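Fit chain F to the supplied structure of chain A, relying on the hints for placement.
Line order of the protein sequences matches chains A and F. At position 200 of the first sequence the residue is numbered 199 (numbering that gives the first Met the number 0), and the sequence of numbers has no breaks. At position 142 of the second sequence the residue is numbered 141 (numbering that gives the first Met the number 0), and the sequence of numbers has no breaks.
Among these hints, one or two may not hold up.
[Claimed, not checked] Here are the simulated lysine to aspartate or glutamate pairs, EDC-like style, with alpha carbons at most 20 Å apart:
#1 F:199 x A:350
#2 F:100 x A:302
#3 F:199 x A:349
#4 F:100 x A:318
Calculated from the structure, these hints are not laboratory results. No experiment lies behind these values; they were computed from the predicted model shown.
Chain by chain, the residues:
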Amino acid sequence: MPWPSIDVPFFRCIPWGSLRVRLTLLNSAAVLLAMLILLFAVRIGVRTALFKETEQTLLGEVREVAMSLEEYYPKSGSFVASRDLLVAELRRKAESHRDRSWFLQLLEKNQHGTNTVWASDNCPEEILTEPIDEAVTEKVKRAAKHRWARTFIDTIDRQRLYVRIGMPDAVIEKDVDNLTWFLLPIGIGFTLLTPLAGYWLALRATQPIAGILKTAVKLKPTKLGDRLLTRGTNDELDQLSATINRLLDQVARHVDRQQQFVADAAHELRGPLAAMQNTLEVATANNRSLDSYQGTIEEALGETRHLTKLTNDLLLLAEVGNSLGSVFNEACDLGDVARQTAAMFGGTAEERSIELTIQTSGEAIVRGDERQLRQVISNLVDNALRFTPDGGRIDLSVESNQAAHEAIVTVADSGRGVEPEHLERVFDRFFQADAARDRSDIKRGGGLGLSICRSIIERHGGRISLDSPGVGRGATVRVIVPLRLVRRKPL
Amino acid sequence: MHVAIVEDDPVIAKAVATAVREAGHECTWVPDGETAVRQNTLLSNDVVILDVMLPKMSGLEVLSAARDAGVKTPVILLTALGTVTDKLSGFRSGADDYLVKPFAIDELLARIQAIHRRTSNKPTMEIEAGPLQLSLSTKRLSLDGRTIDLTPTEFSILELLMRFNGQVVTRKMLCEHVWAFDWDGPTNVIEVHINRLRGKLDKGRADSYIQTIRGRGYALAID
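Looking at chain A on its own, in the form it has when it is part of the complex:
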């Protein structure tokens, strides 16, 4: 059988998922539970105290009656008269405690057994016939929802008289019920008040969050200028706002850089495209010789190759950028990489009388992508070759600094160097020191070589820097990559 679903508009319009409502509900539940436990404890405590108090009173009363018995009982005068006096005393007592439903009973024991001499008219039947327990002297007895105290006195004529004074439990239960009825409205009041107070508190606590939410809703990828307000309290919510603001700053900077990059890339692609378009347009405008066409096509091909190189570099940058933070598992010996690179460029350097030396010291084994690291060192040596005049020198060195856990690769050339004002920007994408581009193949880089190097090295957790004492005095690129951590084998 399906549960009857509560489908009242009131329930539907409460946002059950909201933090405010949930906080309120949790608060209310906690307060209600505490209150219920408290009320229950009070009730039990009061009830126990009342019963104990009553029992003490009953014991006191029977002690008083016992003293009366001793006083009234015939030490002089007639027995019957004395008994009447005793009964009158008991009656008085019964009358004065009638509103508390006290009952009294006088019993005697003779050779025929026990029989009631007198009992108050409110004495319940069960108690009237209750046999006397000889073992108990001064103690409160409980039975049949009543409790009573009992005492006795032995008379001169060897009779034993008993007196019982008791009351029904119902009297005290009624008192406790009264208390309950008094406390219940207070409880209900709290029950109604708690959610309201809880809601108010939750509202106060979540108000800054609502503020954050309001600003966050307005944020758009195209409009990243807005920032969350911090109230200067430096509490958790303020810290959250500050953290989100810092993230927004980073995102904004990243988006800016990305947009700049796309614009630069498009601009960079325009050059070869324009060259190609114009060359082809002019070639088809008139009838030309076969040689002329051949030349045009070769020029266009050259531009296409440049475009291909540019596109591949851009993709490599994107690929390296996307995999930032990835972990490399392969070990790569930078010394080997440097030797391979030196071997590859050795012939060209020799041809141009450039002395290309290589020096390696220590094991420079790092974790990384060998192909990418080879790309870095090749780019650096290629750069050095392009900017070093014939007869110069290029020194390639690989060291390992075990203390700092770093491998250091330096490529130092005696080339034309870098202007001090350009040092900052050499790793920027598309930065080229000479504004006028040399279209000949040998000098023409994509402008991405060094920024690819930086991306790859940063991806490997390292850093790269370029130093130059000035124009015409050479340049040194230093690459630092953390060494592979080798777990020491126990001896």
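Below, chain F without anything else, positioned relative to chain A:
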């Protein structure tokens, strides 16, 4: 040799087909994956050039289906996706080679030939081209019977040129072959070695055995 190109871009398909025919092979153009499967292109050709991004049915699906059916025809994948993962998934589908667009036609032709030779003949330890004889086991070159000393780099370059005698070999292919690294930067690291090779091979000749094909690479042209 029968070559098929499965490619949806008609300009690329036409260029490739023309180049393959001019290299002396037959070439058919299949415009999409479904047609390739229907016509059993992979079964009826010696080498298949397969574009990965095809309409209706991707190149990888065509390839997997054929490999599952036990067709072992060598396949060269063409794609604009060049990351390591893309290449790996291509090889996992059963490709024999992988070329990233844009590519040099000469490289494609060389790979067609290499792949065909790999699957049809046993590798030889001797390569011959006219008067040139290259022994891969002894690393020795003889020209008209006399031994010529070559550096390991020169030997390696000449080996590739002789394997593809009559075809253009790009600088990138040579770099890959000699230094196991596809250097594509501004500095031409091959040229100096080519010039030295010429110095050793072309003594007393008017024109060189090794031709420079401007903007494309180098070619050995010995009948």
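### Query
Can you list which hints this structure breaks, lowest number first?
none
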